[in-house]
Structure formats: C-alpha cells, structure tokens
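Colleague: Can you make the complete structure from the sequences, with help from the hints?
Protein chains: 4
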Amino acid sequence: MAKALVSYYSRSGNTKKMAEDISASLSNEGLDVDVISIEQVSVDSLVLYDIFVFGSPTYYGTMAYQVKKLLDESVKLHGKLDGKMGAAFSSAANIGGGNETTILDILNTFLIHGMIIQGDPKGDHYGPVSIGVPDERAKGNCQRRGKRIAALAKKLFK
Amino acid sequence: MAKALVSYYSRSGNTKKMAEDISASLSNEGLDVDVISIEQVSVDSLVLYDIFVFGSPTYYGTMAYQVKKLLDESVKLHGKLDGKMGAAFSSAANIGGGNETTILDILNTFLIHGMIIQGDPKGDHYGPVSIGVPDERAKGNCQRRGKRIAALAKKLFK
Amino acid sequence: MAKALVSYYSRSGNTKKMAEDISASLSNEGLDVDVISIEQVSVDSLVLYDIFVFGSPTYYGTMAYQVKKLLDESVKLHGKLDGKMGAAFSSAANIGGGNETTILDILNTFLIHGMIIQGDPKGDHYGPVSIGVPDERAKGNCQRRGKRIAALAKKLFK
Amino acid sequence: MAKALVSYYSRSGNTKKMAEDISASLSNEGLDVDVISIEQVSVDSLVLYDIFVFGSPTYYGTMAYQVKKLLDESVKLHGKLDGKMGAAFSSAANIGGGNETTILDILNTFLIHGMIIQGDPKGDHYGPVSIGVPDERAKGNCQRRGKRIAALAKKLFK
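Chains as they are written, first to last, in the numbering used here: chain A, 698 to 855; chain B, 698 to 855; chain C, 698 to 855; chain D, 698 to 855.
Wrong hints could be hidden among the right ones.
If chains are identical, the list can't say which one is meant, so a pair holds when it fits in one copy or spans any two.
To be verified - For lysine to aspartate or glutamate, the following DMTMM-like pairs were computed, each having C-alpha atoms within a straight-line distance of at most 25 Å: (1) K700 x D779; (2) K855 x D747; (3) K844 x D729; (4) K766 x E736; (5) K852 x D779; (6) K851 x D747; (7) K836 x E717; (8) K766 x D741; (9) K852 x D747; (10) K836 x D779; (11) K819 x E717; (12) K700 x D729; (13) K819 x D779; (14) K819 x E770; (15) K819 x D832; (16) K713 x E770; (17) K851 x E717; (18) K844 x D747; (19) K819 x D741; (20) K852 x D729.
These aren't lab readings, by the way, just hints derived from the structure by calculation.
Modeller: This is the structure in structure tokens:
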C-alpha cells in the first residue's frame, strides 16, 4: 500500500483544512496517510513515503519559507526521491493573487527531485486552490485531487 | 502624451470587455489609446507606442496562439521596444485554471523585449483577471490597473 | 507497447536535432515512436498516442506560436488526453534566455490536459535544453530523458 | 540620489560575487548602494531603499528559504514598497537547472509588493545568471544589469 505524506504550513487554518480534506480523500481510497505540519516533518523521514502532497498559503506568490526550508534541507536526500509522486495545494486571500505560482513553485521543487506529477483537466488544473476559507468548490477540488492521486499511485506503487 | 496600445484576442467577448474597461481608464487618465484586436495589429506599428497592454483568454495556461504569433513576429523589432512599458490581463473559465500563468507568460515576453512592468500590492497582483464574464471585482481591477499604468507612464514618458 | 509522438517546431534545425536524439533514445527502449513536425500533426491523431514529447525553440520565453496553435486546437479533445504522459524540450540562443520558461509553458499545457509529467534530479531538470547547436551535454540530456520517459511509460501503459 | 539594497544568500560565494559585481556597477553609475547578506537585513530598513536587487543560489528552482524568510516578513510593510524598483539574479550548478524560475520567483514577490521591474533584450533577459563560479559572461551580465537599473532609477527617482 502506497504511503503518503500530506504536509502544510498554516497560520489561519485554511491551508490546514485543505490538508485534512485531501488526506481524508486519500485515506478513503485506501492509502496510508500521515498529515503533519511542515515544521514537524523530519527531513530524514521523507524517504519513507511514496507520495508528497504539500500545501502552503500564498505568500508573495511563492511558498511560505517554512515549506521551502524543508525542501532546501531535502538536498541531503537528492536522488533518493526520484520516481516518487508529488502534488501541491494553496490557499490565498484573492483570486489572481499568486495561488497558481505558489503551487507551481512547489511542483518545480518536486520535478527537480525527479518526481512524477499530474494535472487535472477539470477544476483547479495545477492543484487545489482556496480563496479564503475553503468553500464547497475548494473542498470538492481537494476531494477530487485525493482520488486522482490515489488512482495514479495504484499504477505506480504496487 | 504617452501612447498606449491595448490589444486582445477574444472569442467569447470577455477578454474584449476587459480591454475596453482598461482602455477607458487609460483615456480617463489622459493617455492616447488605441484598442485593436490582436489579429489586426501590424507588427511594424508597435514602434509607435510607448505602452502595451495585451490580453488573452486563458487557453491551457498560456496566451492564445494568435497573441503569441504577433509577439513571435515582433522579433524583427528586437531591441527597439527596450524601455517601453508592458502590462497584461486574462479572462479564464475557472479559479486556479491558469490565468496567472497566462498573464506571466505575456509579461515574460515583454521583459525579453526589455520592457518595464509593474505589479500591484492590492487585488490582482500580476494583472487583471476575470473568471467568466467580467464582474464588478474584475471591472474594478481593470480600472485600477489603468490608473496605475498611467501614473507610471507619466514618470517614464514626458 | 506504448506509442509516443515526438513533435517540434524548428527553423534553425536545432530543435529538430533534439527531437531526433530523443526519438532515437525512445526507440532504443522499445517504444513505438512517430517524429513529426508540429505543423504536420493532425489534432485528431493525438488520441492515438500515450506519450507526447514536444519541443520548441525559445521564442520570447514561451513556445513558438505554431506549437501553441496545435495545443489550442486540442481543446476539442479536452478530457481525452487525461492520464497520458507529457514531456518537453527547448533550444535557445543564450543561457538565461527563457529556455526553462518555454519548457514549463509546454508542461503547463500538458498538466491542464491531465497528463503525467516527471522531472529529473540530474542535468536539465524540467526537460532537455540546448544552447545553440546541440552539443554533447545537450545530446546526453536528450538520450537520458528518452530513457526516463520509457521507464515511466512501462509502468503506466502495459 | 536613489538608494539601492543589493542583498543575497550565498554559501559557495558565487552569489555573493555576483552581488559585488552588480553593486560595483550601480556605484559606478552614481547610486548609493548597500550590499548586505540577506540574514543581516532588518526588515524595517527596507522602507529606506528605492531599489532592491536580490540574489539567491538556485535551490530546487526557487529562492533559498533565507531569502523568502525576509520577503515573508516584509508583509508588515505591505503597500509601503509600492512603486519602488526590483531586480534579481541567481547562480546555479547547471544550465537548465532552475535558474530562470529562481529569478522569476523573486521578481514575482517584487511585483506583489507593487514594484517596477525591467527585462533586458540582450543576454540574461530576466536577470543575471551564473553557471558555477561567475565567468566573464556572467560578470558582463552583472555589470550590464547594474547600468540598466541605474538608468531606470534616474527616470523614476529624482
């Protein structure tokens, strides 16, 4: 069974809520999921997971520095995360406020680790986005993304 | 008086409506403005303008090919648009659907021409975004952007 | 056996050369490969492939409009390319001249189609890049990328 | 006289060397320049500058977390940096290794503060890039960028 780490930085609680919605969806699909605040994740533990789903509030159009700090430290594992899966989500204050660039920023770091990512032809293409407190639209996107991640994981990790 | 070209590709009419809102705001601020569909713009005419405000629907997270076609052809003017101003806007079907990447895609082409661009600390930071038919939020952003472009133009082009 | 379409726009021949190097590598790994200039690809034929590897020269930091034109037209297939694989490459005149943004631009369109993409922890992380005529460094990256695409394809398409 | 802050994070010394080359060029053009390691910059001091030139090594395709930390903290000044100038540079291990995305990442944060940025039609379009230890190519780009920043500053801040 594939093992997923859903991690996030959250001050307002919005990004955390999205993390929980995605985790619930991944669990529902039968994955083994840990949901951990990014500041509590040990960099060495990353090798234990098959799938990384990282979320950040949209801070100046890029991920919060706390998320980047873990990713910078992950350089000690460089090459060992090759072939794993990555996905990202973000909560923002405004439409057009940098939520897409925040998600793509996280996805770029995953690509540089050699990870596999997937888009979505419906809804939030790059990853789930919430504008303010997650509403039904955002929740639906989190749930849907969880299902899609699980479907791909079943093909990749058996 | 600075001369601005507001140009757009639009099939549904949403991007065109945004072009008109931005143009009205630029005119209000005293700029000399042409609003022309991108397919009617002659590449040679670009040297006559000080300011370019280009809009595109969000098609697969990047500008419509019709917009890119004109920009590809503008290579014959390479170096002659250095120091002019650029700005961009986009209309999309969904939140998180690629509107930011479309705007940044256009802004990147302007940067490579050596142009000057500016963000906005309020609202749509990279450029005005509409989700579907421009609503009051989108109209406000178009109007505000027009004012900001005019304010910078007054400093740069006298 | 997975079927790949390697397609490109090329005026100088540099991007075409990269397409040939990637294709040779994919064939070597046992994939069924078509290499076709982007202007000759029929949009309807896209459903027949499992893997898309698209290349473009770096024109103003984004893909050439000829590449975008096909991708814009592919909207008629929207949803039908979900779960397929995508990869991208670019040739540029200069380091720091927009080659990464060109590749990411193509990858974004693939993500919006719901495709699966993968990075590389070594060399050209987002996709192979050539500065001018492909040298040994660029050729090595094309060959390596072909192997990696084939390895993932074997997991996804059986 | 416009006042510039050139700041950087550097472990290998490569990004620091670029910072010094850009600073020398800005000073030569008559600007008042401070060159300070990013970890020593007080966030409150940012309001004192007209121009920000920030550099980072390319770490996973985005800025080092130490650079992002200062930018995250700058939210307390949000709105007060509107209309100032921004520019960015990066040193990377490889071509195609994320240097452009690192620079654009920094530029996006500046845009969200409402800053003014400019590209360059020659050389490194988005900002100076070094592959490894800055060579003559990279030094030339740093010097050229300094001149261009100074030329724009003279128009904007008098």
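Colleague: For every hint, state whether the structure bears it out.
Modeller: Evaluation of the provided hints:
1. K700 x D779: both (15 Å within a copy, 24 Å between copies)
2. K855 x D747: Both, since 11 Å and 21 Å are each at most 25 Å.
3. K844 x D729: within (13 Å within a copy, 31 Å between copies)
4. K766 x E736: both (9 Å within a copy, 14 Å between copies)
5. K852 x D779: both (16 Å within a copy, 14 Å between copies)
6. K851 x D747: both (11 Å within a copy, 18 Å between copies)
7. K836 x E717: within (10 Å within a copy, 35 Å between copies)
8. K766 x D741: For K766 and D741, the Cα distance is within 25 Å both inside one copy (14 Å) and across copies (23 Å).
9. K852 x D747: Answer is both: 12 Å inside a copy and 15 Å across each meet the 25 Å cutoff.
10. K836 x D779: between (30 Å within a copy, 22 Å between copies)
11. K819 x E717: within (21 Å within a copy, 30 Å between copies)
12. K700 x D729: within (5 Å within a copy, 33 Å between copies)
13. K819 x D779: For K819 and D779, only the inter-copy Cα distance (10 Å) is at most 25 Å; the intra-copy one is 27 Å.
14. K819 x E770: The answer is between: 17 Å across copies meets 25 Å, while 34 Å in one copy does not.
15. K819 x D832: Answer is both: 17 Å inside a copy and 22 Å across each meet the 25 Å cutoff.
16. K713 x E770: This pair counts as both: shortest intra-copy Cα distance 22 Å, inter-copy 21 Å.
17. K851 x E717: For K851 and E717, only the intra-copy Cα distance (21 Å) is at most 25 Å; the inter-copy one is 33 Å.
18. K844 x D747: both (16 Å within a copy, 22 Å between copies)
19. K819 x D741: So K819 and D741 pass the 25 Å test across copies only (21 Å; inside, 35 Å).
20. K852 x D729: Intra 16 Å, inter 21 Å, cutoff 25 Å: intra and inter.
Comparing the model with each numbered hint stated earlier shows that all of them hold.
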